[in-house]
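In case you want the letters, here they are:
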Amino acid sequence: MSAPPAEIPGLVSLVGVDRALARLLKSQLRPALAVEALDDQNDLFLHMEGGGLPVDAVVLGMALEEPVRVAQRIHVHDKHIPILILSRPADCDQLKRTLMFSPFLGNEVTPWPTDEPDGLPAILRQAAERRRLRIRYQNALSSAQIRLEKLPLLQPEASHYLDQLLDHAPIGVVTVDPAGAILTLNRQAQDTLHVAERGALGRLLGDLFPIAERQRLCALLTRCASHGLRPGAEVFEFHAANGTPRFVEIGCTPLTYRTGQRGIMLIMQDVTDRIRAERERCRAEKELRLHATVLRGFHEISSDRSLTLEEKLNRLLKLGCEQFGLPIGILSQVNGDIFRVLDSVGGEGLFPVGGTRELRQTYCGGTVLSSEPVALEHAGASEWRDHPSYTLGGLEAYIGVRVQVENELYGTLCFASPSPRPKPFSSADREILKLMSQWVGSELRRERADAHMRKLSGALEQAVDAVIITDRGRFIEYVNPAFETLTGYRKEEVIGQKTYFLRSGLHDDKFYDELWQVIGTGGVYRGVLINRKKDGSLYHEAKTISPLKDDQGRVTHFISTGHDITELVRAEEQDRLHRAELAHVARLSTLGEMTSGLAHELNQPLCAITTYAQTALRVLTGPDGSAERARYGLEQVVRQAELAGEIFRRLRHFARKGDMNRRRVCLKEVIQEVAGFIHADAQQSGVRVELAVARNLPRVLADPIQIEQVLLNLARNAMDAMAGVEEPRRQLLIKARRQGRRGVRMEIHDRGRGCPQAVADRLFEPFFTTKPDGLGIGLGISQSIIEAHNGRLWLEGNSDQGATFCFTLPGDEDQAHAIHSCD
Amino acid sequence: MRSIPAIKPVVHVVDDNPAVRDAIRWLVEQVGLSARTYATAQEFLSACDPAMRGCLVLDIRMPGISGLDLQDRLQEQGIHLPVIIITGHGDVPVAVRAMKAGALEFLQKPFNDQTLLDAIHAALEKYHAIWEQQDQCNHTTRNLSALTPREQEVLDLLRHGKPNKVIAYELGLSVRTVEGYRARIMEKMGAHSLGQLIEMVVQAVPKG
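Residue numbers (the numbering used here), protein chains in the order written: chain H, 1 to 823; chain W, 1 to 208.
Here chain H stands alone, though its shape is the one from the complex (with noise of 0.2 Å):
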């Protein structure tokens, strides 16, 4: 840094200051500001305006009437002038104000207060020692800046590194002269325009450049040298040595050089990727945009419900025609060497719908062995020349490709024109005709999937079993007319519910559990299910849910398929409770029908010994009386005796022994259906019927048809012994109760007379009865029941009040555990 040029003081103008004041700073500032007193402000502009030594710092005096407006035209010469305006202390502030919102002021101005001269003489030097600083600095700055500008004068070496740099940078930079001629031009701008320095120099650079393209980039030129202005970069197209289109983008900017002479310096970029692949993409896109097309014209053909599919097909054709430009579309079928005609646009004559071919004779017949379409412009030029379908048929164009359906081959798209076809087919026709053939091959198969399906929905809709077909989450999907129809819901109401509102609440969960567990292992179930209707009523499913896989097996959906049996199960009910009742009566009646039907067997040797014991009588007191003639007679009589002995010796034995079918019984049960049996009777009979069952009756091991037979048998007894006493009395009580530990006692007390002992006594002999039709044997077979049973039958009470029967039924005491009481 070089030594301040501290020869020349600073200047101090005070103008307009009083003499005192001016003498102070005169003796403050002195030597090292000169401080020069000035009446007029009009001395010091013409001061700075005729050059003279610059002025450091201003004092504007009071004498001055508009110190403001002389600020101003102080800083129009010299904005960074300090200076500092006397002012009364009262108008400072207001002054300061002025001051901030006046124009044209830079900020160096400073009202200062006539009561504080002491202060002004430091403030004045600070002020002068900042705006010598400043010029200082400024100084320093322009000479650096001339020194920068002559160093490639002064500093060869810089220069020739410069221009290395250039040679190596990524662009080319050539400089011309206004009328085009190259001056410089660095290594890259010579590799771009294939060029040597020496054959370069001084030749227009427009005849590096094609014919085509020289006049727009002279104008490039012209445009810039002229007006000085950077004209937008532009790209060009050249030839490179073996002959490939090469594209420059040029950028220029006028150049003056320090001699004055004017050029043009130009920035050349080898763009070729750029536009190529720029070409590239706008090629694509204009495919694309073919593509998009024809896509939009599949799609509206598609998706017009509307139309058949042959219909579809037909537009399809009529679509690649336009597209291809060929007159002729065909669709085929190819079964073996068949080739048949399943659609035709344009080609009726040569190949109408329905008509077969054989394969070989059609350029299909190689189509068909190529997953990529055939094509062929000109046959008549080409290999296939001598193929039937030119030589017969007069093809010279065609394109085709064939058709798949689910990976089969079903048959051939294609299009042909009997005369050539003046532009190749591009690859874009190619892959819009297989995209064609993949979307017939996927229309057909839909078809088909469509025809199954409809085949299918049909088969569902018209079927008599209700149908339910869920999603993975048992979500209903569809349900068909006969779920309508049994269940009462509709459609809508059931579609995405799950099935949870059919059930009746009649299954536990587990039995909904193991439903889920056989389907959801993919396994089918089959059973009945209660279900309950919209109505509320239940019926009866018989049903089978099986679920539906996918291609690989997972489980997509369930299908439920029921039909209503509830009148079958109903019937079968009916029937079975008929029957049991039936077989109850039957079991019942035995005992009467057996007694009719005994009554008849007694009645035989009966009468056949009462006719034999007359007839001896006869013989013995006839006239000729002899012993021996009536012994037949007798013989025969003991013969029948004995077999009416055997008769009711069997009997006895099959109430013992007969048809016995023990279980754990609940007497409680037994005594309501046997009082349900005489009720009838009873209310005939005017008898009131009480029964009298203890609530811890125990189980018992008992025949209980057998049991109700005896029960039935002595209730009969009691209600005949009260048909002679006077209605109110008629009174039957059947009473049990517990007997020991496990056994069970019975009691059938009637209102009755009684019987006399003579008759008590007798009671149970076989045949003997008080009544007028009995046989006597009711009490007896009753008797052998209960003695089977390992029981007691006996008459506990007889009096005139009436007569008590009781019987008893030992517990079993060996399954103690397993018996319960049944209440």
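For the record, the hints were derived by calculation from the structure and aren't laboratory data.
Please note that a few of the clues may not be correct.
[Stated by the list, open to error] Here are the simulated distance ranges between beta carbons:
#1 W:E132 x H:A758: 47 to 53 Å
#2 H:N790 x W:Q114: 37 to 43 Å
#3 H:A723 x W:Q114: 35 to 41 Å
#4 W:R36 x H:N790: 51 to 57 Å
[What the hints assert, rightly or not] Sample of chain H residues with no beta-carbon within 12 Å of chain W, all distances over it, derived:
#5 A122
#6 S226
#7 G297
#8 V619
[Claimed, not checked] One-sided excerpt, in silico: chain W residues whose CB lies under 7 Å from chain H:
#9 A19
#10 V20
#11 L27
#12 Q30
#13 G32
#14 S34
#15 A35
#16 A39
#17 F106
#18 K109
#19 D113
Just so it is clear, CB atoms sit at the ideal spot from N, CA and C, and this is done for glycine as well.
Dock chain W against the given chain H, drawing on the hints supplied.
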């Protein structure tokens, strides 16, 4: 006058119980009647013929053809036998039906021996006259069939009360020849007078 030999009546017993059958047979035989026993109605049907004389003691309740059915069959075949029904369990409807079908008696087993015998005797007595008349008719019919056609022509005219002269005239015969025929007819028919002859013929062939 009774030159026709009377067929001895037989008591036919139909009962499925052998002891009852045998007892009745033994009883009937003790009073001097003959008896034949049958175990089933079918057996009786195959043995019976219209000329049978006697009575039928019939059990109603039998396996196969019942007693009541047998009664119907006999009527269909024109066999007239007095029927005595014996049954183990007589109820009113069965008894009524049996009586309507012509049963003479309805006895419940076991029956009193005398009651049965009385019933049998009453039946035989009642049918005796019928059988006798029937025998007479049969006899006359047999005799009539022994006459020659000319004799029958003569008899037919006699029946209509025509004198010999008229008969001779109508048949183109002499009176003497007619008298000869008349004598032969009387002889063949076993008639002692013209009146008896006419009576016999009218009884046997009621319709002239």
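Results of checking the hints against the structure:
no.: 1; hint: W:E132 x H:A758: 47 to 53 Å; verdict: violated, 59 Å
no.: 2; hint: H:N790 x W:Q114: 37 to 43 Å; verdict: violated, 52 Å
no.: 3; hint: H:A723 x W:Q114: 35 to 41 Å; verdict: holds, 36 Å
no.: 4; hint: W:R36 x H:N790: 51 to 57 Å; verdict: holds, 55 Å
no.: 5; hint: A122; verdict: holds, 166 Å
no.: 6; hint: S226; verdict: holds, 150 Å
no.: 7; hint: G297; verdict: holds, 98 Å
no.: 8; hint: V619; verdict: violated, 6 Å
no.: 9; hint: A19; verdict: holds, 4 Å
no.: 10; hint: V20; verdict: holds, 5 Å
no.: 11; hint: L27; verdict: holds, 4 Å
no.: 12; hint: Q30; verdict: holds, 6 Å
no.: 13; hint: G32; verdict: violated, 11 Å
no.: 14; hint: S34; verdict: violated, 16 Å
no.: 15; hint: A35; verdict: violated, 12 Å
no.: 16; hint: A39; verdict: violated, 13 Å
no.: 17; hint: F106; verdict: violated, 15 Å
no.: 18; hint: K109; verdict: holds, 4 Å
no.: 19; hint: D113; verdict: holds, 4 Å
Checked against the numbered hints given earlier, the structure breaks hints 1, 2, 8, 13, 14, 15, 16 and 17 and satisfies all the rest.
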